[in-house]
Amino acid sequence: MWSELRALRDGIDLGTPPRDGEPVTLSVDGIPVTVAAGSSVLLAAGIAGCTVPKLCASDTLEAFGSCRVCLVEIEGRRGYPASCTTPVDEGMQVRTTSDMLAKLRRGVIELYLSDFPEGDIDGGWSQLNTTLDQVGVHRLADDHPYRSGANHQGGVLDMSNPYFVFDQAKCIVCSRCVRACEEIQGTFALTIDGRGFGSTVVAGQNESFLESDCVSCGACVQACPSDALIEKSLFPGGYERADSSQA
Amino acid sequence: MPIPVKPDQSTITTCAYCGVGCGFKAETSGGQIVRMTPWKEGKANHGHSCVKGRFAFDYYRHPDRVRSPMIRVSIEDPWREVSWDEAFAHAAGELKRIQETYGSGSVGAVSSSRCTNEEIYLMQKFARVGLRNNNIDNCSRICHSPTQFGLSATLGAGAASQHFDSILRSDVILVVGANPTEGHPVFGSMMKRSVRRGANLLVIDPRRTETVDSPHCRASVHLALRPGTNVLVLDSIAHVVVTERLYDEAFVRARCDWDDFELWMSQVGDVRYSPDVVGPEAGLEPDAIRELARRYAAGPNSTIYYGLGVTEHSQGSTGVMCLGNLAMACGMIGREGVGVNPLRGQGNVQGGSCLGSWPHMFTGYRFVTDAATRAVFENEWKIDLDGEPGLRLPNMFDAAVAGSFKGLYIQGEDPVQSDPNRHHVEAALRNMECVIVQDLYETETTKFAHVLLPGSSSLEKNGTFTNAERRVSMVRKIVEPVAGLEDWEITVGMINAMGYELKYDHPSEVLDEIARTSPAYSGMSFELIERVGSVQWPCNTAAPEGTEVLHTVTFPRGKGSFMLTEYVPTKERVDDRFPLLLTTGRILSQYNAGTQTRRTANNAWYDDDVLDISADDAAQRGLRNGDRVRVASRYGETELSITVSGRVHPGVVYTTFHFAHTMVNAVTSDLNDWATNCPEYKVTAVEVTKVTKVTKVTKVTEVTS
Amino acid sequence: MTARVFVPCDALSVALGADEVAARLVAETAARSLDVTVVRNGSRGLFWLEPMIEVDVGGMRHAYGPVEADDIPSLIDAGLLDAGAHRTNLGPTDQIPELERQTRLTFARVGVIDPRSLDDYLAHGGFDGLRRALAMSPSDVVDEVEASGLRGRGGAAFPTGIKWRTVLGAPASPKYVVANADEGDSGTFADRMVMEGDPFCLIEAMAIAAHAVGATHGVIYCRSEYPHSIATLEHCIGVARQYGWLGTSIAGSVLEFDIEVRVGAGAYICGEETSMLESIEGRRGMVRPKPPLPALEGLYGKPTVVNNIITLASVPWILAHGGAAYSGHGVGRSAGTLPVQLAGNIRRGGLVEVPFGITVRELIEDFGGGTASGRPARAVQIGGPLGAYFHNDQLDTVLDYEAIAAAGGLLGHGGVVVFDDTVDMAVQARFAMEFCAVESCGKCTPCRVGSTRGVELIDKIVLGEQRSANIAQLEDLCEVLEHGSLCALGGLTPYPVRSALQHFPEDFGQRNQQDEHDAQENI
Amino acid sequence: MIRDRIVRKRHLSERPSLPAAQASVVVEALAANHHDPTRLLVVLQDIQHRLGYLPHDAVHPIAIGLGLSRAEVHGVISFYHDLRTEPAGRHILKVCQAESCQATGGRALTQHIEDVVGCNLGQTTADGAITLEAVYCLGLCAASPAVMIDERPIARVTTARIDRVIDDARTAS
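Here the protein sequences come in this chain order: S, H, G and P. Here the working numbering is used: the first residue of the first sequence is 118, the next is one more, and so on. Here the working numbering is used: the first residue of the second sequence is 493, the next is one more, and so on. Here the working numbering is used: the first residue of the third sequence is 10, the next is one more, and so on. Here the working numbering is used: the first residue of the fourth sequence is 91, the next is one more, and so on.
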């Protein structure tokens, strides 16, 4: 009756909120799995024990479908639907791995890495690190054509909040913070400024977090998969931005 | 290259900052807390948090911590550090000396809702087996004692009828005298989620709070009543329900005492409570009262959440009864999505109420005058118990001023700052011969103490908290207590020093004792809580893993009882000298008297109490944003800066009470609830005047502005 | 008897001087005390002849064009009102070859009537379709649309009847009809011509849709670049309300339906239906994932018909004449007619409504008359900025959904943009990526980041840097865009890029192999 | 950019207020749209129509009036290219950059316009007469290239024709 809240498990992220509903049985990589109607394919894959990489998806937030690393193949359907935004159907046959899926996921991750500070990857323990491990790409090759492109590595470093930093250089624009502020906290203090490549996460009217309507509940920090929003207390020597980047 | 520290250990515990009781994971590295993250499986918070619980934990390692027991003969003397044993012996010796000189009833104790259930239980045990009297009270006296009284009288249980998640099943949410988004932020977020999903929000509050109007959350009806008219307005709502026949007759006939109901109908149905009469007196549009009543009665699932804006009045208990009556009349009780729910201030106010820290009640709200109940405890404790109710905290202070009360053991409370009529409290403490304070820091109250026992924070001890939805959750020791002892061990030391031999190896043994003696807790144990995460009482053989929704079949008192709720205006009135009504509340980033949060970076948001005043009232007094003003009442005065705010109506001013130096409680009235002595913090007639600054500063201001 | 002279009022005619012509005509006839009414009609779509004025002589329309304001005195002198001979005389309008060869169903009234005149509309068969629909059950109306074989003309070509049936079957209420007038594809203007030439047709169509699916509210989302369309629609919606064609008890039936115009704010992506719904709801035009389909959870989360203007404008004819009559036109699964828009470097640009089945070459050469510059056509982009570039040796491809797809393209909204041999296709490919970067909503990563990387890669390719590696990366990127994007903007941007690369490799430095070799030597 | 100054959160009522004339436009736009948050874009368009742009400090009253947050309103403003946060020149000249106009010399025309006017697309001339904007299709593609000045479309644009238009715009008030 309260699955979206009470079926959440510490240390496990099912990717999309658990649902209440009639049981639906499908197969993921040949493994039969039964989940509630209205659940996502991503959630079903997780229950079946199949690891589908993800970045913008979290079981505390409604599915969004922006990161495109949770793509899967579904028998009888064209293309490579995002498993987070695809609801399960009875009898559905899902494949979570294939050469094409691996290639597409690598391609998407390379796009992320083309605008991410290289020095912040080794030794990190964010969800992004986990996803990179799953996809099997950790850095762009030195001669990768994406290097030296336009980037946001000189973006805002917001230290105004006493407890956390927002480092735009590490932001992958997945909107999890924006959505957490809206869906979980209900303050609506964050937004995406601009659009397209120019999209950036900002507080209020592109102002510091402290000046904005942010109430510092921490939901955005909790939601951030790439440590762009992170507690200052984890940096005993103070937070410094990495100076090298892949870009 | 910024690689974040990776914590080496993570421990699940419960936040102490408010009655929501969020589950947290305390993550440590090398024995120090590096961060607190919300626990996804916490049933009160489901992985959410607020700025206090999530970030404001540095207070535990603040240099101001009291690190050793200290004693002194006179409050003029400097403190002398002593061993625990010497402190216990000295304190107990003094209490026994006072009792020998002034009588058994000349000493007492007060417990804190920031402490665990086990510690609160031990405090009442200290009074009953150590002091051998019933002079034990708890700090809910000054916040939610009317809840206990009013809900027991109507429904039979002085606690929230629902679990927090229930609000997602509500079609109509009535919030009375509470501001969840500031005071109970994680529940506030849940409430907003329900509103965004289509629930209709109704608010009764003198201020246009964030609860009334914030992004995607706007009250459809807001009754901005004049402070002090709660009961009048609630009776008027009942009047509409009665006269428009909006009540649920089938429910009332099945579940409630029909004769009581008819009597109640004849009272609230009288024309003196019609919206047309009440509206002008309460400063409301009569149609708004009708609209609210109709929406609430229409449901289908309407729920009530209320806070100190209901209880902290001279008719606080009556106000609570009004809410119980209203819910029963409309059949809005006994299932998910409905109910009557107090929003508790401190982390363990519900526990403070349940665990017998009352001068007239044992655990589970059973009277000390009842021989059968006494027998339960006499059997458990192997000691004869006093059957006479003891003194309430305000009575203890009154008695102290009068000279008959001389010793007090205060656990984690700062009555000088928190309690009403500061001058009276100070006079009472000055008159005592032994004041024992157990606290994290030196406070306004420790200035009057003779024994100072270094308390342990909720990060430094094991035990349980009961939150505002009756949920008992585990508090776990993350770091060692600064002075070596957890609060429960200190109280055990005091009990032993008083001559009653007692030994517990772990707080779980205390909870076991509570379970043995208290029906609502009879199924409760650390083992159960460990296994299922948290448990809502009642927990017993009928409900082995606890109870989410109360009153589903019957009320604990059998038939629900409609209490008569005649409106009696407070004696606190505005006049020419004091034309404004001051009301008080709290702000998100600070917590109560601020002892903890003021010692964190939360001051970045709010570093002083500020007086909100309407533009009209400010203009009349020649005041501008940021001006310093003198706030004077019949009881005292203080100085504050003002904010000209659209959130208060003309005639009303508002402030918080988080900062010791502002001494807001020096201004508040000493009137209190007729039934429980809960102080009337929410209504004080005041005048606000500009503090004239030296000419030089004024000139500088003019140049820059 | 009052003579009637028609001067088009559509935006392109105005852009070519129609307002000045009309003003001069009024002034000149007044000065000569001639009894003339100047009627502002829509455009016939023969834009190389605009401003094209027409005179009604004995019920027959005679055309003159292109006319400039300064031509008016000589026209009147030449006996304009009696269809007299003049340098600009085109003869009877219906016999202008480029018009005569068309099959005008959807555009039957466009250019003929005064778009703001309800009487004119009614006199030309207006609301016949709605009257017939109201006499039918909603399900029968949907059957009729299904029988017509009509597919969405906005680009996705989804069968309209199936979409309507989904909305009809959805239990939730209220339901909405949204008309997508965010015609952002370069080379297209058919929607604009309907809105400015036959707006009541759109109103009628939406009312039919409302009846068919049980909707009560309609929204026309029109791009801000079309101020003339917006003004015309606003006027005509007001008239329709006044005369009971919108509001309650429409045409004496129980149908209750009203329409509001919402204006876009400069975002191509809002032509994508879910992004449009977000925009109508007052938010950033961020694409929503599908499912849920808008037909089930659309505007404000309620069942919603979202149709393109041309799709809707085809419906009244279908209802008035029957689905079978419509499906009698066209070929295979491409039933009915397609309003093709000839644009770019073309001699006779304009609107050509023909049954599916015509070849691209017939369109460009027979109707369009070749390039405007007189140079050879080199490339043709079909289907807007996300459509493939066709090489001039592919021009015999038949214009229907399946044939265009088989040739590696897509028909889109029926826009055909011709380029002569001066075009640099690497520049065009780069523009395709740049357009995606400019107009991306920024939600999904392939489109948000990939489009910018695409521009950078093409720049490097053109400069000859690491050419083969960059081309390989560009191809990989196109794969990620096509299969990984959330919506068609990212998903289709590879079409123009790949087709340019495939058909015009020489523009990407293929002929400069030596340069690349040199460049590599220098590294 | 580094934002590290720790400033106290400004209280709502301390936010800078709009000049009265602008404030009344905001109030009217909100009322005309029934304070309906789903009409945010319409409200913004109405206000820009009357003020010429959307002042920074108008965002707060708009948000309050519609029950939205400032961030949401800001996000919407920053998404749509039509919406501007600075005043434009007296005339707005939109020059089509899309394919049909590219096929008919649109790139050269754009360069010519930038040279004649003396600023680039997205900029306003020093005398405040003209703001140049890129536009992607005006629907005049059968007679490309095309521009639109204010709400007046001009098709089959030649350099001579556009020079006259620019001259007129510079001299007209």
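Hints in this document: simulated from the structure, not taken from any laboratory. Heads up, some of the hints might be wrong.
What the hints assert, rightly or not - BS3-like, lysine-lysine: derived pairs with alpha carbons at most 27 Å apart:
| id | chain 1 | residue 1 | chain 2 | residue 2 |
| --- | --- | --- | --- | --- |
| 1 | G | 299 | S | 220 |
| 2 | H | 498 | H | 969 |
| 3 | H | 874 | H | 969 |
| 4 | G | 299 | G | 311 |
| 5 | G | 311 | S | 220 |
| 6 | H | 1182 | H | 588 |
| 7 | H | 498 | S | 349 |
| 8 | H | 995 | H | 969 |
| 9 | H | 939 | H | 588 |
| 10 | H | 874 | H | 588 |
| 11 | H | 969 | S | 349 |
Unchecked claim - Using C-beta positions, here's what the derived DEER-type ranges look like:
| id | chain 1 | residue 1 | chain 2 | residue 2 | range |
| --- | --- | --- | --- | --- | --- |
| 12 | G | 257 | P | 140 | 54 to 62 Å |
| 13 | G | 472 | P | 201 | 17 to 25 Å |
| 14 | G | 310 | S | 215 | 56 to 64 Å |
| 15 | H | 769 | P | 117 | 47 to 55 Å |
| 16 | P | 262 | G | 180 | 51 to 59 Å |
| 17 | G | 183 | P | 201 | 48 to 56 Å |
As the list claims (entries may be wrong) - Partner residues are not named here, just some residues of chain G that face chain S (Cβ under 8 Å, in silico):
| id | residue |
| --- | --- |
| 18 | 146 |
| 19 | 148 |
| 20 | 367 |
| 21 | 368 |
| 22 | 473 |
| 23 | 477 |
| 24 | 478 |
| 25 | 484 |
For each residue, glycine too, the CB sits at the ideal point set by N, CA and C.
Results for each hint:
1. G/299 x S/220: Holds, at roughly 23 Å.
2. H/498 x H/969: Holds, at about 20 Å.
3. H/874 x H/969: 31 Å, violated
4. G/299 x G/311: 14 Å, holds
5. G/311 x S/220: 37 Å, violated
6. H/1182 x H/588: Violated. Residue 1182 of chain H to residue 588 of chain H sits at ~51 Å, over the 27 Å cutoff.
7. H/498 x S/349: 13 Å, holds
8. H/995 x H/969: Distance ~20 Å between residue 995 of chain H and residue 969 of chain H Cα, so the pair holds.
9. H/939 x H/588: OK: residue 939 of chain H and residue 588 of chain H at ~23 Å, within 27 Å.
10. H/874 x H/588: Answer holds: residue 874 of chain H to residue 588 of chain H is near 21 Å, not above 27 Å.
11. H/969 x S/349: 24 Å, holds
12. G/257 x P/140: 54 to 62 Å: For residue 257 of chain G and residue 140 of chain P the Cβ distance comes to about 33 Å; the hint is violated.
13. G/472 x P/201: 17 to 25 Å: 21 Å, holds
14. G/310 x S/215: 56 to 64 Å: The hint (56 to 64 Å, Cβ to Cβ) is violated, given that residue 310 of chain G and residue 215 of chain S are roughly 34 Å apart.
15. H/769 x P/117: 47 to 55 Å: At 35 Å between Cβs, range violated.
16. P/262 x G/180: 51 to 59 Å: 58 Å, holds
17. G/183 x P/201: 48 to 56 Å: At 51 Å between Cβs, range holds.
18. 146: 31 Å, violated
19. 148: 26 Å, violated
20. 367: For residue 367 of chain G, the interface hint is violated, since the closest Cβ of chain S sits about 29 Å away, which is over 8 Å.
21. 368: 28 Å, violated
22. 473: Result: violated, 13 Å to nearest chain S Cβ.
23. 477: With Cβ-Cβ at 11 Å, over 8 Å, it is violated.
24. 478: This interface hint holds because 6 Å falls under the 8 Å limit.
25. 484: It is violated, given that the least Cβ distance between residue 484 of chain G and chain S is near 11 Å, above 8 Å.
When each numbered hint is compared with the structure, violations occur for hints 3, 5, 6, 12, 14, 15, 18, 19, 20, 21, 22, 23 and 25.
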